[in-house]
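Number of protein chains: 2
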Amino acid sequence: MIVVMAPRDSAATKQRILEAAMSEFAEFGLAGARVDRIATRAGANKQLLYAYFGSKEGLFDSVLEAGLVHLLDVIPFTADDLPAYAGALFDFAVAHPELARLVRWHQLERPGVLNRLPQAVESNKRKLEALVAAQKAGKISDALPADQLLGLLLALIHGGAETQIASDELAVQREALVAGVRRLTERS
Amino acid sequence: MIVVMAPRDSAATKQRILEAAMSEFAEFGLAGARVDRIATRAGANKQLLYAYFGSKEGLFDSVLEAGLVHLLDVIPFTADDLPAYAGALFDFAVAHPELARLVRWHQLERPGVLNRLPQAVESNKRKLEALVAAQKAGKISDALPADQLLGLLLALIHGGAETQIASDELAVQREALVAGVRRLTERS
Chain A
1 MIVVMAPRDS AATKQRILEA AMSEFAEFGL AGARVDRIAT RAGANKQLLY AYFGSKEGLF
61 DSVLEAGLVH LLDVIPFTAD DLPAYAGALF DFAVAHPELA RLVRWHQLER PGVLNRLPQA
121 VESNKRKLEA LVAAQKAGKI SDALPADQLL GLLLALIHGG AETQIASDEL AVQREALVAG
181 VRRLTERS
Chain B
1001 MIVVMAPRDS AATKQRILEA AMSEFAEFGL AGARVDRIAT RAGANKQLLY AYFGSKEGLF
1061 DSVLEAGLVH LLDVIPFTAD DLPAYAGALF DFAVAHPELA RLVRWHQLER PGVLNRLPQA
1121 VESNKRKLEA LVAAQKAGKI SDALPADQLL GLLLALIHGG AETQIASDEL AVQREALVAG
1181 VRRLTERS
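Here the protein sequences line up with chains A and B, keeping their order. At position 94 of the first sequence the residue is numbered 94 (this note's numbering), and the sequence of numbers has no breaks. Offset between the second sequence (1-based) and this note's numbering: plus 1000.
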């Protein structure tokens, strides 16, 4: 058994590995990614990478978790102004196309795993509670049950690849998203 | 130069190759797919496959085109009853999960190519015209420009992976989609 000692700057090394892995997985997906390239780009050795993340799949999941945590940090969910929230998420996706690609690869190559990640479960639970509370307070439409409304909002927000069919212009896509969310959520 | 003679049943052979390629690409994507496996499964030789489709990428595009043509055949777009149209597409996606996977791989591995395929361009043009006509006739809401409305409808319809976050139950997802499309399109 080989014991890998954690160096003093293990947090910084982990962070460098996660960043290198984000680029690699976003470009090539799980099957196409090369652990060698990730280790080289991170300036870490492969043994350390496996010691930290267990496996290529473990690293893939960890990168996604870190991406979701970062996203939730930067744009916390709020039901107070859902059109504005959707617009902010749109801007984030434009600025960070690698996260959207990572999510898509993950859905194809690890189907069903994303929705069972603790961060995703917890985040969706909180979103649902916020929608239920906003409906009870009469702030948003209760024409649809909160779980169905949440599904629709997420589909609109993350369906960016499809909205490109209708227009190449980011400003038009953003405007459509914000208007669509408003129409789904405003009280009639 | 090797001249490959087309056999008498070339249409049937092409069809078998396309079907085998659909399974292979839907499972593994473009980079992960093996042309050898496709040829073996189709009972065709690899030279013939390249003669018909040019390259692995050419075959990937052809499979997607054939899938879109089939979909448009089975469920023609109509603006007469958009909630029912969305419901029918949902049922098709459930029955043919391989097409949705193929589209997602294609978006990741050949970004931007799908929207330039002649079948996709023509189909989107017709969808847009139908929405414009339905808005002019007062059959659906004109609160949003037709191109933005089309983008939102496609995002809702194809954002199935995201609606699974809110519920595992197909019936609930379908109901949410139909209700969402109704809410986006009905005149207020």
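Derived by calculation from the structure, the hints in this document are not laboratory data. Be a bit skeptical, because a hint or two may be false.
As the list claims (entries may be wrong) - Interface residues of chain A toward chain B, partial, derived using beta-carbon atoms under 10 angstroms:
#: 1; residue: PHE28
#: 2; residue: ALA31
#: 3; residue: VAL35
#: 4; residue: ALA66
#: 5; residue: HIS70
#: 6; residue: GLN107
#: 7; residue: GLU109
#: 8; residue: PRO111
#: 9; residue: VAL113
#: 10; residue: ALA133
#: 11; residue: LYS136
#: 12; residue: ALA137
#: 13; residue: GLY138
#: 14; residue: SER141
#: 15; residue: LEU149
#: 16; residue: HIS158
The model shown is predicted, which means the values in this text are computed figures rather than measured ones. Ideal Cβ placement from N, Cα and C applies to all residues, glycine included.
Taking the hints in turn, this is what the structure says about them:
1. Contact between PHE28/A and chain B, as hinted, is supported at the beta carbon level, the nearest pair being about 7 angstroms apart and thus within 10 angstroms.
2. A cut of 10 angstroms between beta carbons decides the hint on ALA31/A: the least distance to chain B is about 5 angstroms, and the hint holds.
3. Because the beta carbon of VAL35/A sits about 16 angstroms from the nearest beta carbon in chain B, more than 10 angstroms, this interface hint is broken.
4. With 10 angstroms as the threshold, the beta carbon of ALA66/A stays out of range of chain B, its nearest partner Cβ sitting at about 19 angstroms, so the hint is violated.
5. The restraint placing HIS70/A at the interface with chain B is violated, with a minimum CB-CB distance near 19 angstroms, outside the 10 angstroms limit.
6. The interface hint given for GLN107/A is met, as the beta carbon of that residue sits about 5 angstroms from the closest beta carbon of chain B, less than 10 angstroms.
7. Given hint, GLU109/A at the interface with chain B, holds; its Cβ is 8 angstroms from that chain's nearest Cβ, closer than 10 angstroms.
8. With a least beta-carbon distance of about 9 angstroms to chain B, the hint placing PRO111/A at the interface is held under the 10 angstroms criterion.
9. A cut of 10 angstroms between beta carbons decides the hint on VAL113/A: the least distance to chain B is about 12 angstroms, and the hint is violated.
10. For ALA133/A, the interface hint is violated, since its Cβ never comes within 10 angstroms of a Cβ in chain B; the closest pair sits about 16 angstroms apart.
11. Among the interface hints, the one on LYS136/A is violated; its C-beta lies about 18 angstroms from the nearest C-beta in chain B, farther than the 10 angstroms criterion.
12. Interface restraint check for ALA137/A: the shortest CB-CB distance to chain B comes to about 20 angstroms, outside 10 angstroms, so the restraint is violated.
13. For GLY138/A, the interface hint is violated, the least distance from its beta-carbon to any beta-carbon of chain B being 18 angstroms, above 10 angstroms.
14. Nearest Cβ of chain B to the Cβ of SER141/A: about 8 angstroms, under the 10 angstroms cut. The hint holds.
15. A hinted interface residue such as LEU149/A counts as satisfied when its beta carbon comes closer than 10 angstroms to some beta carbon of chain B; here the least separation is about 8 angstroms, so the hint holds.
16. Satisfaction of the interface hint for HIS158/A is found here, the shortest Cβ-Cβ separation to chain B being roughly 5 angstroms, below the 10 angstroms cut-off.
Figure legend: structure checked against the earlier numbered hints; hints not met, in rising order: 3, 4, 5, 9, 10, 11, 12, 13.
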